[in-house]
Amino acid sequence: MPGHHIIVGGGLAGLTAAMKLAEQGEQIDLFSIVPVKRSHSVCAQGGINGAVNTKGEGDSPMIHFDDSIYGGDFLAHQPPVKAMCEAAPAIIYLFDRMGVMFNRTPEGLLDFRRFGGTKHHRTAFAGATTGQQLMYALDEQVRRYEAAGQVRKFEGWEMLSIVQDESGNCRGIVAIDTRSLEMRAFPADTTLIATGGPGLVFGRSTQSLVNTGSAVSACYQAGSTYANGEMVQVHPTAMQGEDKNRLISESIRGEGGRVWTYRDGKPWYFLEDMYPAYGNLVPRDIATRAIHKVVFEMKLGVDGNPLVYLDVSHLDPEELNRKVAGVLEIYEKFAGQDPRKVPMKIFPAMHYSMGGLWVDYQQQTNVPGLFAAGECDFQYHGANRLGANSLLSCIHAGNICEPAMIGYAKSHTSAASSQIYDQELKLQRESFDKIFKMSGPENAFAVWRELGEVMTENVTVVRYNDKLKATDAKLLELKDRWGRIGLNDRGKWANQEVLFVRQLWNMLELARPITLGALNRNESRGAHYKPEFPERDDEKFMKTTMAAWSSDGPRFSWEPVDASLIKPRPRRYDIEKTTSQPSAVA
Amino acid sequence: MPEQTQVLRIKRQDSPNSEPYYQEFEVPYLPHHNIVSMLMEIRRNPVTRQGKRVAPVVFNANCLEEVCGACTMVINGRVRQACSQLANGLHGPATIEPMSKFPVVRDLWVDRSRMFDYLKKARAWIPIDGTYDLGPGPRIAPAVQEFGYLFSRCMTCGCCLEACPQINSHSKFMGAAVIGQVYLMSQHPTGKMNHDERLAAMMGEGGVSDCGNAQNCVEVCPKDIPLTTAIAAVGRQTSIKWLRDLFMK
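So the sequences go chain by chain: A and B.
The first sequence begins at 0 in numbering that gives the first Met the number 0 and counts up by one.
The second sequence begins at 0 in numbering that gives the first Met the number 0 and counts up by one.
Think of the hints as simulated: they come from the structure by calculation, not from any bench.
It should be emphasised that the depicted structure is a prediction, and the values quoted were computed from it without experimental measurement.
No residue lacks a Cβ here, since even glycine has one placed at the ideal position from N, Cα and C.
Heads up, a few of these hints could be off.
Cβ-Cβ distance ranges computed for the label pairs, FRET-style [claimed, not checked]:
1. A/G335 to B/V6: 32 to 42 Å
2. B/N212 to A/P105: 50 to 60 Å
3. B/R43 to A/D479: 13 to 23 Å
4. B/D223 to A/K539: 28 to 38 Å
5. B/R43 to A/L108: 49 to 59 Å
6. A/D573 to B/A140: 35 to 45 Å
7. B/F146 to A/E271: 29 to 39 Å
8. B/T228 to A/W557: 23 to 33 Å
The list that follows gives simulated cross-link-like pairs (lysine-lysine, DSSO-like), each with its CA atoms no further than 30 Å apart [what the hints assert, rightly or not]:
9. A/K436 to B/K10
10. A/K433 to B/K51
11. B/K51 to A/K332
Every beta carbon over 12 Å from chain A, so not counted as near; a handful from chain B, in silico [said to hold, decoys possible]:
12. R8
13. K10
14. H31
15. S83
16. A93
17. D106
18. S112
19. W124
20. P126
21. I139
22. N167
23. D209
24. V219
25. P225
26. L245
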């Protein structure tokens with residue numbers, strides 16, 4: 000008998016898992032707030048990494064592996080990262096076969112470009128909308144299985160909680176139809192969370208509006224460990240907006256874009272100056288800190304504003320149109336200026352969470368039967384993700400879920416009692432009834448804005464312990480004020496405000512392990528930078544931060560990092576990377 | 000100096016079967032505001048120009064950078080994504096309405112699921128043998144890739160359906176988007192192999208012959224997809240298939 004699986008989230012990770020499971024004859028219920036084709040993965044621009052080595056550079060999955068571990072500042076467990084880099088070329092080939100319109104060389108082969116933190120042309124790309132293109136190919140494959148009756152889509156449904164049996168195993172979910180507000184329990188043999196990142200916890204980020212982290216937070220509150228929450232990537236180049244910060248892809252620098260500002264009346268290409276070995280293609284955490292320094296310490300922002308230039312005006316416009324038109328169009332539409340002629344004005348913005356639900360090497364969380372894949376897992380990027388590794392990790396994690404989920408379903412065949420579903424459903428109904436009665440003076444969207452402001456101010460690029468403590472106090476204050484929210488909409492049909500109030504609570508819960516995880520980590524590593532502790536401290540902190548939810552706040556423990564393959568060494572980008580020990584990567 | 004403001008006149012509808020009505024809101028004017036960021040302002044303070052506190056306007060939006068297609072609406076009579084309509088391009092009060100060719104869920108949120116059903120009907124996918132490692136895909140000339148890429152950026156946003164005069168309450172026409180996808184599949188060496196299946200769908204009810212050649216689709220497409228090229232080509236291909244089927248029987 001085929002297994003029955005729930006997938007929450009229809010981005011790259013969720014759709015990959017759906018395709019793989021369906022191919023094995025399994026039954027899948029796929030839940031997504033938006034029609035899956037509109038998932039946040041479509042925002043990924045630059046490309047997907049895989050050491051296919053078509054440029055005669057001697058690239059290999061082992062070098063990709065070393066770049067990724069080094070780029071992540073030795074915080075990622077090494078064996079799963081190695082497996083991901085080894086799987087990468089075949090993943091790119093598969094998507095090529097699925098019809099993705101990847102850019103080509105004159106010979107008709109896949110073209111590759113450079114990205115940050117590497118010296119190799121390793122990034123396959125489809126214009127500058129690679130995420131969208133990979134998504135659409137997957138969407139088509141999953142639609143094929145939907146037409147065949149193996150995948151049931153629940154689009155416009157939001158997961159509220161997982162259902163656990165007496166032993167704590169995950170037995171399905173409770174979800175709500177965002178139109179009728181009907182709540183239902185859905186039993187399943189396994190459940191996969193593939194809901195992406197928590198961008199909205201930081202208010203304005205480069206992420207989409209569905210990226211509240213709410214589903215992940217619900218799992219965390221149900222006993223799933225949240226790992227390395229403090230590792231938050233701030234992308235160096237984004238347009239600042241009223242509603243969100245729009246990503247200007249790293250591929251712009253991969254194709255020759257330069258970052259600069261005026262110093263003494265002359266353009267100063269400060270990344271090239273500070274990091275001669277990698278120049279504009281230093282990893283994101285490095286570039287972001289450099290921009291911060293130039294703007295805030297040296298007061299050299301453009302026209303005194305927190306902005307610097309990202310410049311492609313010296314490059315061939317036709318070549319740009321072939322390779323990065325999608326990104327340039329976004330800038331043109333939202334800034335009203337043609338970046339082919341005028342340098343773009345950019346500033347760093349919260350972009351990605353390296354942290355997420357703790358998973359084992361088969362993507363299973365510490366809650367049996369509950370899996371996680373994609374940005375919502377913590378596994379592949381350590382303390383800093385390299386550009387174009389996220390599409391890869393989403394697809395790879397989605398791939399390796401499949402045998403693990405089928406294996407779990409086969410070995411756990413006892414039926415769950417119907418009581419556990421009724422209980423969870425009752426709990427969720429009660430919590431919504433309470434929200435419907437809220438009539439205080441606070442506005443949920445205004446509270447959310449304050450959350451975003453304090454998190455962006457204190458828990459992104461530069462972190463100080465006193466400010467982190469103050470942030471946690473602010474989070475407690477916001478949680479208190481959450482209870483005094485008043486609803487403007489008490490309608491029982493398509494009530495987005497009620498749904499948001501619940502998401503906001505989950506954001507507040509998730510903000511705490513992120514903030515306190517940063518407070519606890521008294522060192523600087525990757526994206527986590529504390530001026531009070533400027534050095535990496537492997538002895539004390541080459542460890543995964545593990546946060547377990549309790550009603551008194553997160554409880555922390557630390558898990559040693561598996562660094563069995565590449566010996567940790569200092570991470571520098573001003574000089575050439577020393578090659579890793581041959582014995583370690585043999 | 001009084002603070003500059005932007006007036007939004009929004010068509011609202013409480014549920015799929017209730018009567019629509021208009022409400023006016025006034026939000027602070029910022030040049031880089033867009034329609035979605037202004038709707039977000041309204042959420043923070045859902046009070047009409049007349050001072051009445053109302054339920055916040057319900058709308059769909061996700062990526063906010065015009066790649067997901069979620070926030071498609073009719074703004075001053077023209078269908079487009081709300082996120083990329085900047086305040087400084089409005090020049091006066093703006094009327095915001097839901098798309099009219101799809102059932103309203105609530106306010107500006109419409110149900111476009113039938114567009115995904117069309118993709119199913121057209122079998123718009125590459126039928127690969129399996130996801131296991133079969134090595135690289137077919138070689139594709141850069142010119143073919145560049146041409147295909149034009150069509151592969153379709154977000155299924157529905158602008159082309161909204162603008163099409165052939166799509167109305169008594170027509171089954173599927174519209175330009177799905178025809179563009181059928182054409183895209185025929186550009187790919189593997190997709191080409193079973194192009195006949197997709198053409199068969201395009202010859203059935205609501206297929207390519209229902210196009211009235213108004214060419215509005217190509218005018219409103221936010222991604223400038225050459226939809227009329229696809230319609231002409233698929234139309235030709237279906238005629239050839241019709242003749243071939245006639246003689247091969």
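Outcome of the hint check:
no., hint, verdict
1, A/G335 to B/V6: 32 to 42 Å, "violated (22 Å)"
2, B/N212 to A/P105: 50 to 60 Å, "violated (38 Å)"
3, B/R43 to A/D479: 13 to 23 Å, "holds (20 Å)"
4, B/D223 to A/K539: 28 to 38 Å, "violated (55 Å)"
5, B/R43 to A/L108: 49 to 59 Å, "holds (51 Å)"
6, A/D573 to B/A140: 35 to 45 Å, "holds (42 Å)"
7, B/F146 to A/E271: 29 to 39 Å, "holds (37 Å)"
8, B/T228 to A/W557: 23 to 33 Å, "violated (59 Å)"
9, A/K436 to B/K10, "holds (28 Å)"
10, A/K433 to B/K51, "holds (25 Å)"
11, B/K51 to A/K332, "violated (34 Å)"
12, R8, "holds (20 Å)"
13, K10, "holds (15 Å)"
14, H31, "violated (6 Å)"
15, S83, "violated (5 Å)"
16, A93, "holds (16 Å)"
17, D106, "violated (8 Å)"
18, S112, "violated (7 Å)"
19, W124, "violated (4 Å)"
20, P126, "violated (7 Å)"
21, I139, "violated (6 Å)"
22, N167, "holds (24 Å)"
23, D209, "holds (23 Å)"
24, V219, "holds (15 Å)"
25, P225, "holds (15 Å)"
26, L245, "holds (29 Å)"
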